[in-house]
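*Asks:* Sequence:
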Amino acid sequence: MEGCTGRLLVATPGLRDRSFRRSVVLVLEHAGEGALGVVLDHPLEVDATSVLPQWQPHLSAPSRLFQGGPVARDTALALADVADGETPPGVRHLGDRLAVVDLDAPPVLVVDAVRALRVFIGYAGWSAGQLDEEIEAGGWFVVDHVPGDVFTPDPGGLWRRVLRRQPGDLALLSTAPDDASLN
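Note that the numbering used here has the sequence shown beginning at 40, numbered continuously upward.
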């Protein structure tokens, strides 16, 4: 498949894995070797002060760290919405305005060009062919993101909002109860 880079994975209602249940993942890379992404809607109850104090004042609301996924939970990855035409030191564009920020760079070099910033602890990772198999098995819907998805101030409602704006039956799934047996 390998066509998921820059797109969203939306967990189907049947996906029960605790790390991804009713989650939305932005795929940062999807190639023959595997895939990597970050979960967009799992804010942690901790700010960056204890881990990355220099970045805390620059985080977008909610000003929290996010659980990016179950892999490498001892690492941090930052995404930014970068102003058009800007490429400050320590920033690598992923496409359009979305970029990865080097958290070792001094914030003063980066923040003037940044409209929004979010830090993720860990990431979601798939080995070669694994994500394709999960999609084919019906674990994920693959959809396009809109500008507000990555830096939404209301991450808890992202799963429903993304499904609701999809055409046809996908929009209906946004109203599916958390436990289908209650229906």
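Hints are not guaranteed to be accurate.
To be verified - Per label pair, the in silico range of CB-to-CB distance: (1) Glu-68 / Pro-206: 38 to 46 Å; (2) Asp-151 / Leu-209: 34 to 42 Å; (3) Pro-92 / Ser-58: 22 to 30 Å.
For the record, the hints were derived by calculation from the structure and aren't laboratory data. Ideal Cβ positions, reconstructed from N, Cα and C, are used throughout, including at glycine.
*Asks:* Hint by hint, say whether it matches the structure.
*Replies:* Structure-based check of each hint:
no.	hint	result
1	Glu-68 / Pro-206: 38 to 46 Å	27 Å, violated
2	Asp-151 / Leu-209: 34 to 42 Å	39 Å, holds
3	Pro-92 / Ser-58: 22 to 30 Å	27 Å, holds
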